[in-house]
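Undergrad: The chain contents come next:
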Amino acid sequence: MDLRKYMMAAGLLAGVALCADGGEVASPATLKDVEALQLNLNIVWTLLAGVLVFFMQAGFAMVETGFTRAKNAANIMMKNIMDFAVGTVSYFLIGSALMFGTSAAGFIGTDGFLMRVFGDPADWNWTFMFFQTMFCATAATIVSGAVAERTQFRAYLVYSMLVSVLIYPISGKWAWGSLFAETSAGWLESLPTGAFCDFAGSSVVHSVGGWIALAGALVLGPRIGKYKPDGKPRAILGHNLVIATLGVLILWVGWFGFNPGSTTSGIGDIGRIAMTTNLAAAAGTIAALATAWLLLGKPDLSMTLNGSLAGLVAVTAGCNSVTPIGALIIGAIGGVLVVLSVLAFDRLHVDDPVGAVSVHAVNGLWGTLACGLFNAEAVLKMGDASTGLFYGGGFGQLMSQGIGALSYFVWAFGLGILMFTVIKKTIGLRVSADEELKGLDITEHGNDAYAGFQIFINE
Amino acid sequence: MKLIIAYIKPERLNAVKQELYSREVYKMSVAPALGCGQQKGYVETYRGVIHEVNLLKKMRLAIAVNDDFVEKTIEGICAGARTGAIGDGKIFVVPLEDCIRIRTGERGPAAIG
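Residue numbers (the working numbering), protein chains in the order written: chain A, 1 to 459; chain B, 1001 to 1113.
Same shape as in the complex, but just chain A (with noise of 0.2 angstroms):
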């Protein structure tokens, strides 16, 4: 006989030994099976997903080379990878801490500094640390976008260790404190009128990055030649918008692991939950298009790219707790008010190179506020409370929200301008005018990103 039926032969004599052997019966799963193999699909799906968070960094990147000057790329990639590297570090030694050790207050953490919190090699924590790391990193990175093209690369890092040590953690403890455990918890997951909802960190992550962008994108001005002696801004344009899309693409995948692996279990819902978060990335999309088709006369790309991402921070908190409808809903209004946000800024004349401030601040609040409006955990029958104006529950959630929502502002854009307002004083902040001009590549890391390619500085 040939080979094929030859080695299925040979594979079910040897199974039949091997059962023949001692006579035993495989014994039924017993719940302890099951809870640790629901232990172990856990952790795998968490890994995966914080390994898909990871991946958002290359995003971020390349949206914000993708949208500045090429003179300056190799800034901005450097100031990318340093935010990883510098946060996990930080984080790993002192952020973590602080926001998930035992809680004072639900206001700071104040235990399990270096991570020493696990005993069991194969403990679940390993992975949850692992996975808000990745986290971490997001909210840091968001800010090198708004501030590209004239901060000095030593303020950036000192920035850069600052929200990873103490800015993001604290506050990322109110509101998800008690992920780690209850001892841990934060004082807006027990708010009188119902705990403040952000699944997957429109406030804690997003909202903290962009109001720290627009301190810095405020205490540092705009970079040279974008506002004409009149006041009307001038376009600065992105030398390469295919890289910038290839950024926001991958940030979209990226987003994948960052809402539905904000479950942390290898249940169901992460299916419903990438659904809504698709779904609200592509309303944001054609919202944006539509709206800049309308203002501006022509469909812009760039536009249309900051789009897709604010739809995707809006929803990120609801994910969860929204319906398919809500999603739309919150992503097309996100791309709507994206639009707005960057002309706004524009004329406000805060420079923001990239549109951080309108993609991660304003969705960020306004993805909070949503959840006061859309979630729909009732109708949904997921069996908690959550439920929006919206769908009946009063505006019980939606104060919720806006307290939640104010104290990240404040503390976030408090800090921001505090920071890099003492950061000017003592080390400067801004690079020098023939800096700027000539390009911090060369002058702030001696690299030229696009050596052999003739660069047009045209300001």
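Don't read these hints as lab results, they were simulated from the structure. Do not rely on the hints blindly, as some may be mistaken.
From the derived model, a few chain B residues whose C-beta atoms are all more than 10 angstroms from chain A [said to hold, decoys possible]:
| # | residue |
| --- | --- |
| 1 | GLU1011 |
| 2 | ASN1014 |
| 3 | TYR1026 |
| 4 | MET1028 |
| 5 | TYR1046 |
| 6 | LEU1096 |
| 7 | ASP1098 |
| 8 | ARG1101 |
Below, computed lysine-lysine pairings styled on DSBU-like, alpha-carbon distance capped at 30 angstroms [stated by the list, open to error]:
| # | chain 1 | residue 1 | chain 2 | residue 2 |
| --- | --- | --- | --- | --- |
| 9 | B | LYS1002 | A | LYS425 |
| 10 | B | LYS1027 | A | LYS438 |
| 11 | A | LYS232 | B | LYS1017 |
| 12 | A | LYS438 | A | LYS425 |
| 13 | B | LYS1072 | A | LYS228 |
| 14 | A | LYS425 | A | LYS32 |
| 15 | B | LYS1017 | B | LYS1002 |
| 16 | A | LYS232 | A | LYS32 |
| 17 | B | LYS1017 | A | LYS438 |
| 18 | A | LYS438 | B | LYS1057 |
| 19 | A | LYS226 | B | LYS1072 |
| 20 | A | LYS424 | B | LYS1027 |
| 21 | B | LYS1090 | B | LYS1057 |
| 22 | B | LYS1002 | A | LYS32 |
| 23 | A | LYS425 | A | LYS226 |
| 24 | A | LYS226 | A | LYS424 |
| 25 | B | LYS1072 | A | LYS438 |
| 26 | B | LYS1090 | A | LYS438 |
| 27 | B | LYS1027 | A | LYS232 |
| 28 | A | LYS226 | B | LYS1017 |
| 29 | B | LYS1072 | B | LYS1027 |
| 30 | B | LYS1057 | A | LYS425 |
| 31 | B | LYS1002 | A | LYS226 |
| 32 | B | LYS1057 | A | LYS226 |
The beta carbon of each residue, even a glycine, is placed where N, CA and C say it ideally should be.
Take the given structure of chain A and dock chain B to it, following the hints.
TA: Below, chain B alone, put in the same frame as chain A:
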């Protein structure tokens, strides 16, 4: 009629344009170029190895002017491009035999406008 060719540092382009505009010189063409003069080049590092760059990035302006605009244009370029450091660039004044506007067919000083 003269053709003024200037090599300047790329980051001075905007300043040069503004100086020319203020002297009512609006028409020009700009192209990227590599060049060196007396400058010994600057030092760049790539993966730990220092290397000297001898052909540096410059911008090449070409401006066709009537004789009464020559000095103004030279002044404007110098004002915008001069930094005092080596590598500021050079200006060449070249006699121009004829100039034709493609759209209308005009020739000579009128075509330069």
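Undergrad: Compare the structure with each hint and give your call.
TA: Results for each hint:
1. GLU1011: Non-interface label on GLU1011 (chain B) violated, nearest chain A Cβ at 4 angstroms vs cutoff 10 angstroms.
2. ASN1014: The assertion about ASN1014 (chain B) is violated, with a minimum of 5 angstroms to chain A.
3. TYR1026: The assertion about TYR1026 (chain B) holds, with a minimum of 16 angstroms to chain A.
4. MET1028: 13 angstroms, holds
5. TYR1046: Contrary to the label, TYR1046 (chain B) does not stay out of reach of chain A, its closest Cβ about 7 angstroms off (not over 10 angstroms).
6. LEU1096: With a cut-off of 10 angstroms, LEU1096 (chain B) remains clear of chain A, as the shortest Cβ separation is near 26 angstroms.
7. ASP1098: Answer for ASP1098 (chain B): holds, closest chain A Cβ roughly 30 angstroms.
8. ARG1101: Per Cβ check, ARG1101 (chain B) is outside 10 angstroms of chain A; nearest 25 angstroms; holds.
9. B:LYS1002 <-> A:LYS425: Violated: LYS1002 (chain B) and LYS425 (chain A) sit about 51 angstroms apart, past 30 angstroms.
10. B:LYS1027 <-> A:LYS438: Since the Cα atoms of LYS1027 (chain B) and LYS438 (chain A) sit roughly 25 angstroms apart, the hinted pair holds (cutoff 30 angstroms).
11. A:LYS232 <-> B:LYS1017: Holds, because 19 angstroms separates the two Cα atoms, which is no more than 30 angstroms.
12. A:LYS438 <-> A:LYS425: At roughly 24 angstroms apart (the allowed maximum being 30 angstroms), LYS425 (chain A) and LYS438 (chain A) satisfy the hint.
13. B:LYS1072 <-> A:LYS228: Given that 30 angstroms is the threshold and the Cα spacing comes to 25 angstroms, the pair holds.
14. A:LYS425 <-> A:LYS32: 59 angstroms, violated
15. B:LYS1017 <-> B:LYS1002: Judged against 30 angstroms, a Cα distance of about 19 angstroms means the pair holds.
16. A:LYS232 <-> A:LYS32: Since the Cα atoms of LYS232 (chain A) and LYS32 (chain A) sit roughly 67 angstroms apart, the hinted pair is violated (cutoff 30 angstroms).
17. B:LYS1017 <-> A:LYS438: OK: LYS1017 (chain B) and LYS438 (chain A) at ~17 angstroms, within 30 angstroms.
18. A:LYS438 <-> B:LYS1057: Between LYS438 (chain A) and LYS1057 (chain B) the Cα gap is close to 11 angstroms, so the pair holds against 30 angstroms.
19. A:LYS226 <-> B:LYS1072: Distance of about 28 angstroms is within 30 angstroms: holds.
20. A:LYS424 <-> B:LYS1027: The given pair, whose Cα atoms are some 41 angstroms apart, is violated under the 30 angstroms limit.
21. B:LYS1090 <-> B:LYS1057: 14 angstroms, holds
22. B:LYS1002 <-> A:LYS32: At roughly 92 angstroms apart (the allowed maximum being 30 angstroms), LYS32 (chain A) and LYS1002 (chain B) break the hint.
23. A:LYS425 <-> A:LYS226: 24 angstroms, holds
24. A:LYS226 <-> A:LYS424: 21 angstroms, holds
25. B:LYS1072 <-> A:LYS438: 27 angstroms, holds
26. B:LYS1090 <-> A:LYS438: 19 angstroms, holds
27. B:LYS1027 <-> A:LYS232: It holds: about 24 angstroms lies between the C-alpha atoms, which stays within 30 angstroms.
28. A:LYS226 <-> B:LYS1017: 16 angstroms, holds
29. B:LYS1072 <-> B:LYS1027: 13 angstroms, holds
30. B:LYS1057 <-> A:LYS425: 35 angstroms, violated
31. B:LYS1002 <-> A:LYS226: Not OK: LYS1002 (chain B) and LYS226 (chain A) at ~34 angstroms, beyond 30 angstroms, violated.
32. B:LYS1057 <-> A:LYS226: Judged against 30 angstroms, a Cα distance of about 24 angstroms means the pair holds.
The earlier numbered hints that this structure contradicts are 1, 2, 5, 9, 14, 16, 20, 22, 30, 31.
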